[in-house]
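Asker: Chain by chain, the residues run as shown.
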Amino acid sequence: MSDRFSTELERRGIALPPRRIDTLQLNITRRCNQACRHCHVDASPARTEMLSAEGIAACLDVLERHPQIGTLDLTGGAPELHPQFVTLVERARALGRRVIVRHNLTVQFDGDPATKQPMDHLPAFFARQRVEVVSSLPYYQPYFTDAQRGSGVFAKSIEALKRLNAVGYGIPGSGLVLNLVYNPVGPYLPAPQASLEADYRKALAQQFGVYFNALFTITNMPIHRFRLHLEKSGQYAAYMDKLLAAFNPAAAENVMCRDLISVDHQGRLYDCDFNQQLGLYLQREDGSAETIFDFDAERLLRRRIRLGDHCLGCSAGAGSSCGGATA
Amino acid sequence: MSSYYESEDLKKFGDIGRHAGPLAEQFFKYYGQVTGADGALTRREKALIALAIAHAEKCPYCIDAYTTACLEAGANPEQMMEAVHVAATMKAGITLAHAIQMNNHLDKLVL
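In the order they appear, the protein sequences are chains A and B. Per our numbering, the first sequence starts with residue 1, numbered consecutively. Per our numbering, the second sequence starts with residue 1001, numbered consecutively.
Hints are supplied without guarantee of correctness; some may be wrong.
As the list claims (entries may be wrong) - Lysine-lysine pairs mimicking PhoX-like chemistry, simulated, CA-CA at most 25 angstroms apart:
no.: 1; chain 1: A; residue 1: Lys232; chain 2: A; residue 2: Lys202
no.: 2; chain 1: B; residue 1: Lys1012; chain 2: B; residue 2: Lys1029
no.: 3; chain 1: A; residue 1: Lys116; chain 2: A; residue 2: Lys162
no.: 4; chain 1: B; residue 1: Lys1058; chain 2: B; residue 2: Lys1012
no.: 5; chain 1: B; residue 1: Lys1091; chain 2: B; residue 2: Lys1058
no.: 6; chain 1: B; residue 1: Lys1012; chain 2: A; residue 2: Lys242
no.: 7; chain 1: B; residue 1: Lys1011; chain 2: B; residue 2: Lys1029
no.: 8; chain 1: B; residue 1: Lys1108; chain 2: B; residue 2: Lys1058
no.: 9; chain 1: B; residue 1: Lys1091; chain 2: A; residue 2: Lys242
no.: 10; chain 1: B; residue 1: Lys1029; chain 2: A; residue 2: Lys232
no.: 11; chain 1: B; residue 1: Lys1011; chain 2: A; residue 2: Lys242
no.: 12; chain 1: A; residue 1: Lys232; chain 2: A; residue 2: Lys242
In case anyone wonders, no lab produced these hints; they're calculated from the structure.
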């Protein structure tokens, strides 16, 4: 049976072939110092998955051989907890790639939950390497942020943002980019990105003296931990109906999976990080998994993107992607 | 007797046109134009007004719908609670303002 997203695409005559591969998004570890209630990765301090040294080398090799892949997007878990994080960033930057780090802010203070290694060097390291920092801050007030990310996270996040500002991140003219991510704290759609960004900018500057570049609004994906919450609270069906009712063809056509390849800790390839967490890996004709170790850009561009009900999260309203709204 | 105000029933709102389709159509068009877009007021301001009225009129469907609508318009619980206080204070003020009528009548009755 076809999923609801595919059915909607078919009804509207929309096809979603891959367009290009301009981003390699690596989920290098599922370990995280936090265990957020909406996390689609189910990341936590207890997770141990890490991309191997061979996997890291293969990713760098792919970057070196494919100049069209301009961006390396590092996520997790908290990607900084991978033992080779620093080397990976340095080498990708040396290859001239734009590097994005999805940095949860609190890891600066919490450090590695397993080794207790402190992480307060990160702002200076990021600035030295001129990586783009993308950080979740579900709201500009503590109530929503702590509800989603844990008690005390808002205060810690503000302190971490101040440290990033102190080395130039988010400060006009520095060229150091700090983008924030808003996502709803429940089964509802994000407010319009531009208006929310204006609210964040005003509140964070006035109340905390914190500055940033742009705000990305992201819709909560109905998978894993968030799906479990929806099911337990009897809201899953209503949320899926809401996503379908808000289907936006323009957002559907701009889904991020058309432009990126996601890599997991075993080196397997996916259309996006959500498919990665659902185990929907890319398959070759013989059924075996596509991996970073035998990366073939031409073959990947001929692939059929794997779709499911969860894709409605990317096509609802103004759309949603790792870079925020898409329509 | 079955209970009123089941959350599930909210999605049947569109069915109010069952016996008067053209009238419902006009209502929904008007409703959409007023609440669905920024105008002289932003969608957020309109959602907060609607939330306040939902409380004043004690409509559980509207309270559910506009709690969500306020969040989807970027409002926060402080703003939403303040809107409910506006409704509450208007209710209180309206009640108290009627004491003028009482006093006027008292003045007429009392020697």
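Asker: Do the alpha carbons of Lys1108 of chain B and Lys1058 of chain B lie within 25 angstroms of each other, as the hint requires?
Answerer: violated, 36 angstroms
Asker: Given the hinted pair Lys1011 of chain B and Lys242 of chain A, is their Cα-Cα distance within 25 angstroms?
Answerer: The hint holds at about 11 angstroms.
Asker: Tell me if the straight-line CA distance from Lys1012 of chain B to Lys242 of chain A falls inside 25 angstroms.
Answerer: The hint holds at about 14 angstroms.
Asker: Quick one, are Lys116 of chain A and Lys162 of chain A close enough, alpha carbons at most 25 angstroms?
Answerer: holds, 23 angstroms
Asker: Holds or violated: Lys1011 of chain B with Lys1029 of chain B, Cα cutoff 25 angstroms?
Answerer: Distance ~17 angstroms between Lys1011 of chain B and Lys1029 of chain B Cα, so the pair holds.
Asker: Would you mind confirming whether the straight-line C-alpha gap from Lys1091 of chain B to Lys1058 of chain B stays at or under 25 angstroms?
Answerer: holds, 12 angstroms
Asker: Are Lys1012 of chain B and Lys1029 of chain B close enough, with their CA atoms no more than 25 angstroms apart?
Answerer: It holds: about 17 angstroms lies between the C-alpha atoms, which stays within 25 angstroms.
Asker: With the threshold set at 25 angstroms, check whether the alpha-carbon distance from Lys232 of chain A to Lys202 of chain A stays at or below it.
Answerer: With Cα atoms ~37 angstroms apart, Lys232 of chain A and Lys202 of chain A exceed 25 angstroms; violated.
Asker: Taken at face value, is the distance from the CA of Lys242 of chain A to the CA of Lys1091 of chain B at most 25 angstroms?
Answerer: Between Lys1091 of chain B and Lys242 of chain A the Cα gap is close to 34 angstroms, so the pair fails against 25 angstroms, i.e. violated.
Asker: Under the criterion that the straight-line Cα-Cα distance not exceed 25 angstroms, is the pair Lys232 of chain A, Lys242 of chain A satisfied?
Answerer: With a Cα-Cα distance of about 18 angstroms, the restraint between Lys232 of chain A and Lys242 of chain A holds, given a limit of 25 angstroms.
Asker: Between Lys1058 of chain B and Lys1012 of chain B, is the straight-line Cα distance small enough, at 25 angstroms or below?
Answerer: holds, 19 angstroms
Asker: Would you check the hint for Lys1029 of chain B and Lys232 of chain A, treating anything up to 25 angstroms between C-alpha atoms as holding?
Answerer: Status violated; Cα separation ~36 angstroms.
Hints 1, 8, 9 and 10, counting from the list given before, are not met by this structure.
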